[in-house]
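Start from the sequences and build out the full structure, keeping to the hints where you can.
Chains as they are written, first to last, in our numbering: chain X, 2 to 705; chain S, 2 to 705.
To be clear, the hints were calculated from the coordinates, so they are not data collected in a lab. On a predicted model such as this, the values are computed, not experimentally measured, just so you know. A virtual CB, placed ideally from N, CA and C, is assigned to each residue, including glycine. Hints are not guaranteed to be accurate.
[To be verified] With a straight-line Cα cutoff of 30 Å, these simulated BS3-like cross-link-like pairs (lysine-lysine) come out:
hint, chain 1, residue 1, chain 2, residue 2
1, S, 482, S, 504
2, X, 580, S, 290
3, S, 265, X, 139
4, X, 392, X, 336
5, X, 265, S, 146
6, S, 448, S, 399
7, X, 139, S, 300
8, S, 198, S, 217
9, S, 475, S, 504
10, S, 336, X, 615
11, X, 335, S, 265
12, X, 615, S, 392
13, X, 518, X, 504
14, X, 615, S, 580
15, X, 72, S, 217
16, X, 452, X, 392
[Stated by the list, open to error] Quick partial rundown of chain X residues pointing at chain S, CB under 7 Å, derived from the structure:
hint, residue
17, 79
18, 119
19, 125
20, 250
21, 256
22, 317
23, 477
24, 481
25, 689
26, 690
What follows is each chain in one-letter form.
There are 2 protein chains.
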Amino acid sequence: MRFPTLSKSKSPLFKSPLSYFKSFSSSIPKSPLPFSSPSFRYLSSVPSTSTEKMSKDKSFDRSAMESILTKRFFYVPSFSIYGGVAGLYDYGPIGSALQQNLINIWRQHFVIEEDMLEIDGAIITPAEVLKTSGHVDKFTDLMSKDTVTLEVFRADHLVEAVLEARLESDLAARTAEAQISKDSANALSQKKQKGSKPPVKLSDDIVNEYNEILAKIDNYNKIELSEIITKHDIRNPATNNTLTPPVEFNLMFESFIGPTGTHKGYLRPETAQAQFVNFSRLLEFNNQKMPFASAMVGKSFRNEISPRSGLLRVREFNMAEVEHFVDPENKAHKKFSEVANIKVRLLAAKTQEKGSTELTEMTIGDAVAQKIIDNQTLGYFIGRIYLYLIKIGIDPEKLRFRQHMSNEMAHYACDCWDAEIKSSYGWIECVGCADRSAFDLTVHSKKTKEKLVVRENLETPLIYDAFVCNINKKVFGPTFKQNAKPIQDHLESLSQSELESLKQQLDSQNSVTIQLKDNSSYEITSNMMTIDKQTFKESVREYTPNVIEPSFGIGRILYSLLEHSFCVRPDAELRAVFKFNPVVAPFKVLVLPLSGHDSFQPFLLSVARSLRSKGVPARVDDAASASIGRRYARNDELGIPFAITVDFQTVSENTITLRERDSTSQVRGPIEDILNTCVELVNGVSTWSSISQKFQSVSPSTEE
Amino acid sequence: MRFPTLSKSKSPLFKSPLSYFKSFSSSIPKSPLPFSSPSFRYLSSVPSTSTEKMSKDKSFDRSAMESILTKRFFYVPSFSIYGGVAGLYDYGPIGSALQQNLINIWRQHFVIEEDMLEIDGAIITPAEVLKTSGHVDKFTDLMSKDTVTLEVFRADHLVEAVLEARLESDLAARTAEAQISKDSANALSQKKQKGSKPPVKLSDDIVNEYNEILAKIDNYNKIELSEIITKHDIRNPATNNTLTPPVEFNLMFESFIGPTGTHKGYLRPETAQAQFVNFSRLLEFNNQKMPFASAMVGKSFRNEISPRSGLLRVREFNMAEVEHFVDPENKAHKKFSEVANIKVRLLAAKTQEKGSTELTEMTIGDAVAQKIIDNQTLGYFIGRIYLYLIKIGIDPEKLRFRQHMSNEMAHYACDCWDAEIKSSYGWIECVGCADRSAFDLTVHSKKTKEKLVVRENLETPLIYDAFVCNINKKVFGPTFKQNAKPIQDHLESLSQSELESLKQQLDSQNSVTIQLKDNSSYEITSNMMTIDKQTFKESVREYTPNVIEPSFGIGRILYSLLEHSFCVRPDAELRAVFKFNPVVAPFKVLVLPLSGHDSFQPFLLSVARSLRSKGVPARVDDAASASIGRRYARNDELGIPFAITVDFQTVSENTITLRERDSTSQVRGPIEDILNTCVELVNGVSTWSSISQKFQSVSPSTEE
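So, in C-alpha cells, the structure goes:
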C-alpha cells in the first residue's frame with residue numbers, strides 16, 4: 002500500500018514527493034472529534050468529491066452496532082485494563098476469526114489461484130532502506146500543539162473540525178432565523194434549551210471561504226496551513242488556547258537494532274519494500290519468467306498523531322499487498338478476458354474533474370477499451386478485487402472504484418484506482434490499485450548498486466552499426482603514460498555523432514586534438530587509434546519492470562463488512578444479527594440442546610467434535626439457564642449461519658434439526674446426513690435452498 | 002512463551018525473578034562462533050545434561066541443506082541487498098507457505114478441535130504493562146564489550162566459546178602427544194601443517210574447572226560471570242583485547258507511541274500478556290465457564306545481543322501460544338483419556354538430577370499416574386503437542402519431552418516440560434509447556450485494581466459462623482467524631498480470635514479500650530457497640546485461575562522439520578529432496594509438460610487452474626530448455642509431493658500421469674480422476690498406496 006491521497010493541490014508545483022507520502026487514510030471521512038458533533042457539510046460553490054464522500058448513511062445506527070461489537074468482544078481497545086492506547090485494538094475470538102477468514106480467502110483468491118509468490122519479510126526495517134524509499138524524509142503528517150497545555154493535534158484534522166463546527170453553528174443560526182421569521186421565536190428557544198452554545202451566523206463570504214478550505218484540506222503544505230490557522234484564528238476548542246505553527250511529524254515507529262544503539266530501524270509502514278528488495282530472488286524463483294506477482298500479508302505500523310474512527314485509522318494494522326511485476330512495454334494480461342465482462346461502478350478522474358461524483362456502471366472490458374482504465378493488467382486486478390470483495394460479502398451497491406485525479410496521483414503512477422466502500426463514515430478507501438512504474442526498483446538499485454532488472458532473450462536479435470575507437474596500445478600507452486587512462490575515458494564518453502566527426506578529422510588529417518575536462522589537450526595521431534564503424538548484435542534486452550500494486554487494508558475491509566452485515570430482526574425485541582456468509586463467518590455452526598436434560602450431553606459433544614474434526618468451527622451453547630430462544634439470539638449476534646439443536650427426538654431417533662440464521666427456517670434429518678450437509682454448506686458446495694428440499698422441514702421451536 | 006532456562010544455579014537463593022526471564026533460547030546448543038571451530042565437549046566429571054544436548058548429528062550435512070535453502074529462496078537474511086541484518090530473515094515462497102501451513106495445522110489442531118478462543122492482540126505494548134509483568138526490569142542478557150574496539154558480545158556465549166576453544170586445543174595437544182609416543186612425530190607435524198594455532202595442553206585441574214563452568218554457563222549472575230572473565234583471562238579472541246565487566250541489556254525493542262515522545266512502548270517479547278489482560282472478556286465470551294483456553298499466533302521480538310544459529314535465535318519470530326485457564330484445585334482434563342495411551346519419550350527431572358540423560362518411554366497415562374507429569378491438564382497438552390509435531394512430520398525418534406529441574410523452574414511453576422527436537426544443532430527446545438500458576442493474572446490485577454477472577458456459584462453454599470461488630474451509629478459517631486472512621490477501620494481489621502476476646506471483655510465489663518496504630522486509645526462502651534456471633538452463607542466462590550501454557554516457536558519447529566525432511570536420492574547425482582508430507586508441503590502438485598510441444602499448453606493451464614480452484618497450490622514448470630528429469634529434480638528440492646505430466650497420450654486420450662515424489666512411482670488415468678485423487682491425497686483423505694491400485698501403473702519416464 003502506498004499513500005494514496007485525495008484531492009491534492011491542483012498546482013503541478015505540488016507534485017513534489019510529499020504528495021505520494023500522505024498516509025493511507027486521506028479518504029477517511031472527517032469524523033467528529035469529541036468537541037464537534039456529527040455534521041453535514043455545506044455544498045461548496047465549487048463542488049468537490051470530498052463533499053460527496055462525507056454523506057453519511059443516516060439510516061444506519063452505528064452506536065447500536067458498536068455496543069454489540071464491544072459487548073461480544075469482536076474487538077476492543079488494547080490494554081483496556083491499563084486505560085487503553087489510542088489506535089491499538091485487540092481482536093477477540095470473533096474479530097480474530099473474521100480477520101483470519103478474510104486473509105485465508107484472500108490467499109486462495111490471489112496467491113493460489115493467481116500463482117503469486119507469497120513471502121514473509123521482516124517488520125523491523127533498517128533506516129537505510131526507508132531512507133532510499135523516501136519514507137524517512139517524506140512519510141509525515143503536520144502537527145500543531147496547544148501553546149499552553151502542549152496537547153498535540155494533527156493540524157489538518159483540527160482545522161477541519163473547527164471550521165466544520167463553525168459552519169454547523171452558522172447553519173443552526175440560519176435555520177433558527179428562518180424559523181423565527183416563519184413562526185415566532187419558539188424554535189430558537191427550544192434549540193437553546195438543548196444546552197449547546199448559541200449558534201453564530203457567519204457572512205456568506207466566510208462560509209464560502211471555509212468550504213473552499215475544507216474541500217482542499219488534504220492539500221495544504223506547512224506554510225499554507227500555518228497561514229490558515231493564523232488568518233482564521235483556529236484554536237484548540239477544548240481550551241481556546243492558540244496553536245503552534247504546524248511542523249512535520251514522521252509517522253514511523255523508530256527503534257534500535259542490536260545493543261549498540263547506533264543501528265536505527267523502523268517498524269515497516271507497508272509490506273511493499275520487502276518485496277522490492279527481494280526482486281531478483283523472486284524472479285529467479287519464477288525461473289526468470291515475466292510477468293509475475295509477489296504477495297505479502299502482515300502487520301504494518303503508522304504512528305498516527307491522533308488515531309480515530311475505530312478500525313479505520315489505527316497505529317498497527319494488517320495489510321495484504323500484491324506487487325505485480327510487468328514489462329513496461331506490454332501491460333496486456335493473459336487472463337483479461339475472464340474479467341472483461343464484469344460490470345463495475347466507476348468514478349473516473351474526468352467525471353470528478355467536472356465536479357461530479359456520478360458513477361458510471363460499465364464492463365471492465367469497455368473501460369479498458371475506452372482507455373478509462375489505462376491497461377489490461379490494471380483492469381484485471383480491478384476485476385479480481387471486485388470479485389474478492391463481493392465473495393466476502395461486501396454489498397456491491399456500496400462499492401465503487403474511484404480513479405485518482407491527475408493532481409492527486411504520485412509522479413510515478415500512470416493510473417491509480419481505489420476500491421472505496423461506503424459505510425456510515427462515508428466512502429472509505431479500502432483497496433488501492435496503482436500502476437507504480439519502476440520507481441522503487443530503480444531507487445533501491447541505484448542505492449545498492451544491485452541490478453534489479455529483467456534480462457530477456459530477444460527472439461530477433463537487435464542488429465545495429467556504431468562507431469568505436471580502436472586503440473593501438475603499444476603506441477598509445479607509452480605516448481601518454483599516466484594520462485592514457487583519462488584520455489581513454491574521455492573517448493569512451495563521446496556520443497556517436499562526436500565520434501563520427503572525430504573520425505572524419507582523423508581520417509582527413511591523420512591527427513586530432515582532444516580537450517579533457519581539466520582543459521588539458523592531447524594530440525592523437527592515426528597510428529595510435531582508428532575510429533571504425535562496426536556492426537553489433539544484441540540478443541538480450543534488459544529492463545526494469547513496472548509494478549502494479551493492489552494493496553488491501555484488512556481492518557478497513559473488515560469494518561466495512563461488519564456494517565454491511567449488521568441488521569436487526571424485525572421482531573418485537575429488535576434482535577441484532579450479523580449476516581456473515583458461511584465462508585467468512587467466524588463460527589460456522591451453533592450446537593445447542595433444547596434444554597439442560599442430561600441425555601443431550603453426549604450428542605452435543607459428538608456433534609461438536611465431528612464438525613471440528615472436519616475443520617468446521619462449532620460453538621456449543623448449553624447454558625441450561627437460558628431459553629433456546631435467548632441462546633439463538635445471543636449467537637445471532639456472533640453471526641453464526643447455522644444452528645444444530647439436540648432434542649428428545651435426537652435421543653430416540655438419532656436425528657437433529659438444522660436452522661438457517663437468516664430465514665430461521667429449520668429442517669430435520671439423521672445426524673450424519675445433517676453433519677455432512679453442514680460441511681457442504683460451509684464450504685460453499687451447497688446452498689440452503691438446494692439442501693432444504695432434501696430434508697424434512699420443521700416448524701421453529703415454540704421457544705424462539 | 003515464557004523464558005524457560007536450562008540448568009539454573011542449584012542454589013535456591015538464585016530463584017530470584019531473574020531466573021524466569023532468561024530468554025527462550027538457553028537450550029540452544031553452543032554453536033561455533035566465527036573464531037571457534039565446531040567442537041565436541043569433554044565429558045565433565047559431573048555429567049550434565051548440557052553435555053548431552055551438544056552431541057551433534059554427525060551424519061547430517063548441514064551446509065548441503067543450507068545451500069539449497071538459500072538457492073531456492075526458502076529464507077534469506079532480510080534486506081540482503083543492503084548487506085542484511087543479523088537475526089532478521091525473509092521467508093521466500095517456500096518458507097512462507099511452509100510456515101503458513103504449520104500455523105494452519107496448528108489452528109485446526111488446537112484452536113478449532115479444542116475450541117480455544119483465539120485473539121489477535123497488539124504488538125506495540127505500553128511500558129506499564131511490561132513493567133508489571135517483570136519484563137522491563139528482568140528480561141535481560143549480560144553483555145560485555147571489547148575494551149578497545151567496543152565490539153559487543155553476549156557475555157555467557159563469549160566465555161563459552163573461549164573455553165571451548167581452549168579445551169579443543171588441549172584435546173588436540175593430548176591426541177598429538179599420544180600419537181608421538183605411539184608412532185613418531187608424523188602426526189603432530191601433519192596437524193601443524195593445517196595452519197591452525199599450535200595446540201596448548203592444559204592441566205587436568207583446569208580442564209575440570211572449564212568443564213564445570215561450561216556445564217553451568219546459563220546460571221551465572223553478573224558478578225559471577227565477571228569473576229570468571231577476570232580469573233580465566235577471557236578476551237575477545239579476534240583482537241586479544243580485554244573485556245568490560247558484564248552489564249544487563251534489556252532484550253525488548255523500545256519505541257514511543259504517539260507524537261509526544263513521552264509514552265514509551267515496547268514490541269512484545271511474547272504474545273501471552275495480551276491474553277492475560279483480556280482475561281475477563283475471554284471468560285465472559287465463554288459464558289463464564291471454566292476451564293477454557295485462549296490462543297494467539299503472531300510475531301514477537303527480542304533484540305538479541307548477537308543472533309546466531311540461523312532461524313534458532315532471531316530478533317523477530319512467529320509464536321503460537323495457548324493460555325489454558327484452570328481451577329487451581331482441579332487440574333483434571335475431561336479429554337485426558339484420549340491421550341492417556343500415547344507413548345512419549347520423557348527425560349524427567351529426577352533422571353537428570355542423577356546425572357543421566359536416558360529417555361524413558363512411557364504412556365502419558367502412566368506418567369501422570371506416577372506423578373512424573375504433575376497433572377492431567379499438563380499431560381493432555383503434552384499429548385496434543387506430540388500429536389501436532391508428528392502430524393507435521395517431525396521424526397518421533399528425534400523428539401523428547403524434558404522436564405525442568407527444580408533449580409531451573411520459575412518460582413510460580415509447579416511443573417514444566419519442553420518438547421525438544423533433535424537437529425544438527427543438538428536438542429532444541431521448540432515448545433514449552435509450563436504450569437504457570439496464577440502469577441500474571443495476580444500481578445496485572447494488583448496493578449490495575451481490575452479483578453481478574455472467576456466467580457463460581459457453589460452447589461452447596463458454604464455456611465459458617467463469625468463474630469461481627471454491630472455499631473450503634475447514633476452514639477458511636479457523636480462520641481468519637483472525626484476519629485470514628487479510624488476506630489471503625491481498626492475494628493474491621495481484627496481477626497476472629499481478637500474479636501472473640503474483645504466480646505468477652507465487653508460482655509463482662511460493659512466497656513473495652515482499644516489502641517490504634519498511632520497509639521491513641523479509645524474506650525468503647527456496650528451502648529456504642531455489641532459484638533455478636535452471626536451465621537453466614539456464601540454461595541459464590543471467587544478464585545484466580547492457574548494457567549497452563551503450551552508455547553510454540555514456529556521458526557524453530559520449521560527449521561527442525563527442514564532437517565528431518567531433508568534427504569538425498571541415492572542416485573549418481575545425489576539429488577536433494579525435501580520429503581514434506583502433503584499436508585505441510587508448500588506446493589502440493591507439480592504440473593509439467595513432457596516437452597515444449599505446443600499442444601501441451603492448454604492442458605497445462607487447465608490442469609493447474611483446476612487444482613488451484615480446488616485450493617491446491619500447483620507449480621507449473623514448462624521451461625522447454627530443461628529436460629523432464631532436470632525439472633523433476635529441481636522441484637524435488639522444493640519438496641513437491643506429486644507431479645502431473647502432460648504428454649502426447651494426454652492430447653490423444655485425455656489422460657495424465659501422476660508421480661509420487663518419494664517412491665518416484667507413477668500411475669496414469671483420466672484427467673478428472675487424477676485431479677480428484679490429487680485433492681484427496683493432499684487433504685490426507687487418501688494415501689498413495691491406497692490410490693495407486695486404482696490406476697494403471699506406468700514406468701517412469703526414461704528421461705528421469
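Hint by hint, here is what the structure shows:
no., hint, result
1, S:482 - S:504, "holds (23 Å)"
2, X:580 - S:290, "holds (27 Å)"
3, S:265 - X:139, "holds (24 Å)"
4, X:392 - X:336, "holds (19 Å)"
5, X:265 - S:146, "holds (20 Å)"
6, S:448 - S:399, "violated (43 Å)"
7, X:139 - S:300, "holds (28 Å)"
8, S:198 - S:217, "holds (28 Å)"
9, S:475 - S:504, "holds (20 Å)"
10, S:336 - X:615, "holds (18 Å)"
11, X:335 - S:265, "violated (51 Å)"
12, X:615 - S:392, "holds (16 Å)"
13, X:518 - X:504, "holds (20 Å)"
14, X:615 - S:580, "holds (26 Å)"
15, X:72 - S:217, "violated (51 Å)"
16, X:452 - X:392, "violated (40 Å)"
17, 79, "holds (4 Å)"
18, 119, "holds (5 Å)"
19, 125, "holds (6 Å)"
20, 250, "holds (5 Å)"
21, 256, "holds (5 Å)"
22, 317, "holds (6 Å)"
23, 477, "violated (39 Å)"
24, 481, "violated (39 Å)"
25, 689, "violated (23 Å)"
26, 690, "violated (23 Å)"
This entry does not satisfy hints 6, 11, 15, 16, 23, 24, 25 and 26, going by the numbered hints stated previously.
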